[in-house]
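Position chain G against the provided structure of chain U, taking the given hints into account.
Number of protein chains: 2
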Amino acid sequence: MKKSTMLYINVVAVMVVLAMVTPAFGLEMPLDDSAGSKRGPVYDTMWFDQILDHFEFTVEASMTFKQRYLVSTKHFNASRPAIFFYTGNEGPITGFAGNLGQIWENAADLGAAVIFAEHRYYGETLPFGEATFNTTENLRWLTSEQALSDYVLLIAALKDPASSHYLGQGAENAAVITFGGSYGGLLSAYIRIKYPGVVAGAVASSAPIWLFPETQPAGGFLGWVTKTFTAQCPQSIKPIRSTWETMLQMAATPTGLKQLSSTFSLCQPLSSLAQMEAGLWMRIEAALIYLAMADYPYPVDYFGPLPGNPVETVCPFFDGVGTGDDAVEALASAVALFYNYTGEGGECFALSATPGDFSLNQMRAWNYQFCTEMTLAELGSNGVTDFFYPAPLDLKAFAAACAQLYPGIVTRPDWVSATYTSKPLRGASNIVFANGLLDPCTSGSPMVDQGPSVVALNIADAAHHFDLFGSNPADPQSVIDARIEEREYIVQWIAEWLA
Amino acid sequence: MKKSTMLYINVVAVMVVLAMVTPAFGLEMPLDDSAGSKRGPVYDTMWFDQILDHFEFTVEASMTFKQRYLVSTKHFNASRPAIFFYTGNEGPITGFAGNLGQIWENAADLGAAVIFAEHRYYGETLPFGEATFNTTENLRWLTSEQALSDYVLLIAALKDPASSHYLGQGAENAAVITFGGSYGGLLSAYIRIKYPGVVAGAVASSAPIWLFPETQPAGGFLGWVTKTFTAQCPQSIKPIRSTWETMLQMAATPTGLKQLSSTFSLCQPLSSLAQMEAGLWMRIEAALIYLAMADYPYPVDYFGPLPGNPVETVCPFFDGVGTGDDAVEALASAVALFYNYTGEGGECFALSATPGDFSLNQMRAWNYQFCTEMTLAELGSNGVTDFFYPAPLDLKAFAAACAQLYPGIVTRPDWVSATYTSKPLRGASNIVFANGLLDPCTSGSPMVDQGPSVVALNIADAAHHFDLFGSNPADPQSVIDARIEEREYIVQWIAEWLA
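Protein sequences appear in the order of chains U and G. Residues 1 to 499 in our numbering are what the first sequence lists, from first letter to last. Residues 1 to 499 in our numbering are what the second sequence lists, from first letter to last.
The hints are simulated quantities; they were obtained by calculation from the structure and are not laboratory data. By construction, the Cβ of each residue, glycine as well, lies at the ideal position given by its N, Cα and C atoms.
A few chain U residues facing chain G, derived, Cβ under 7 angstroms:
hint: 1; residue: Phe55
hint: 2; residue: Val152
hint: 3; residue: Ala418
Chain U extracted, bound-state conformation:
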């Protein structure tokens, strides 16, 4: 296998964790006032008979599988009916329901029913059960279009008095407001754009609709990671940018490789420069990205456990550090903090380890989406406007690596831009794009309004879809204000729908 191909297979493996969220019920949220000491919201778990393939009309296509969704009608106000619908993304839906407390808080205040719908092929929504990931063939129906149609049919059932999924009196006229973060934020925006007769308005949080090859911004995702470090820890930029050249020199000799392996506490020493690039560097890159994405003001166990303000936390490692070995050691300390903040990670790290609780099946599913349709252009660096090793995005190599991982598939990197989201975004309405200015996803999100009711809400002190988290005493004022503004739009969309 050539070096570039290896690199891209590893890139693919890393990409999964960029967009993935694995909430761990780590937050105490004031969600259910009757819950007393309970953590998290109270809901029922339901199963909906979902059509396998919405876009063909054969007996095979019309097979059904069980789609999981979580439902609460506790606060549902039939005289002013609204449904808050989380468009599930690439993870078990229970995690999103447990962590995204703002949806529950708003629902309680505004009298809305709450639905968290699980995305097909994730969590327990597996079209072929335990066999789901046995073959690439089984993954054919894992697309955003299918997922959106799943949600549309589920919503129709929730509002249909003749359905066993009917939410109850008033639901037939209810205004549906969708919520989503990250890939879920894309889905929330897409469903409003594509189904304006089904969804009244959408909160799309950390939704990088233009982070695709056709529409990606200059500077890009990795530039934004660097920007967050620049703002929180300016002294880290020069050292980090210098490390790549230093490491390349070290990797040229067995002694250097040994030293590197020791500095980064690898259980298995590096055996080659290629292994360093494809393994260690991907691991470092992921750590730097996550530190920025998870730069929340209080401890959160989201991409693995982290302290509050993690970028500030790693900053002292770079105090007085120049370039050379010192810089590499400082970087290694920052990376170690990310992967092993609690110390439970042990004395050394395996190169293949990923943060959080990502299951192999989750990674298999998300990588499939990433390799086929959701080709988020997160990588691609120049070393000038970012502090990474210069490595332009190479779509051809990427597609080739994907075809190795999933024999028989084809990467169509232009598709999302063609089918979903023009740049500028024309003809859409009733969407709030909530952008955390610490979050690199904002590099691909609309930062100016895209029409009278397509609002860019830029939140100074927020990392990855922080606006959707439950209220916390440590919330910065900018986040509190943004949540209030979001709620005002939601109230307005409901009023419009019910008018």
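For chain G alone, kept in the frame of chain U given last:
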């Protein structure tokens, strides 16, 4: 085979011709001022490499086929760029281009490029060439969603300077206005609803977006046929309504069957009551429907050759006619005029004959769409608000008949309402629904505005998408006015897009 099943198979066979248009270049149109004695517009024929399956990402799905489109940039004004794009429906695209002169006239006046894009599986756009209709399996990708995606990718190429299909300088910013009639009108509305970033505005002519089981109006399509006859020929209603009972009585005896066969000039005498219901009645019903749909003020060869004002033309047959045999004979005369106005149809008719030039492949393709997704609820009668034999729509029998015609398919009659067009139509913008008040399709079209820029344009003296025809000295004032109003919206959409 049970009677009801036979009936529905015949219904399916009839339905194809309801929505189908087979223009025959019969109109002299002032389209190309340099054309001299030429008939019809001047264009180039192009072929676009289209993706077979937009919704899967396998090697098989990514196979391409040649999609035909017709293009003229003769009047294209690069300083105010616009593209008029006909979203082809179920027939050869050359026919639509030849007959829908209003698009060419508007393009010449407004400086727009013109594209007529052929719908997959029709005309010469056959994904599997001559083998296209050999198996039901080959038809899997014959859906409106695939067709819309075809148009979206074609539009992207037309506007892309890097594509060999680029229309030329200015095209990259051009406002795309879509046009369509009948099923093409649905597609024109759908593409604006689903791709508001691609299409600036849509003229949807005779587009019965609600003529589906979930949303069909009371009275319905056949009631509207009756309404058109009532307005143009009130003396026909009572006789026609009486004929069904008379014919049932006649069909109860061999003598009666013989007499019926003679009255309707059938080459092969009827052998049973069932044959009368499933064969002769479907033939009669189709004739009555077409007479209303084609009720244009001048001779048009569209659903077969007809005189101007065909409903008025058949009216004298009913002068002084009551019920009983006289009524059946009057009806037979009207039916004969429809099927054999020119006399070229010969002395007698085969029950299986269809009007116009419908090819077997066209019927095979449209019936597939009609059986799977485009389940237009054209039939369904009560004999009270319409003059047909009471026969409520039976979706179950319909689906069963479809599964016999296309083994392995599944009818999903709720799908179009769920995925495309809520009732009322919420969240859409920049669409004109042009409804001819003589046209039974108007029974399923929005007749009141569906929002500030979703306009219902009801045209008193127009039959099936008459507004799209080229100008003619015999045009009624209401049609002339409607075309002017349509043009004003088009001008406005272009200005908005280019602002």
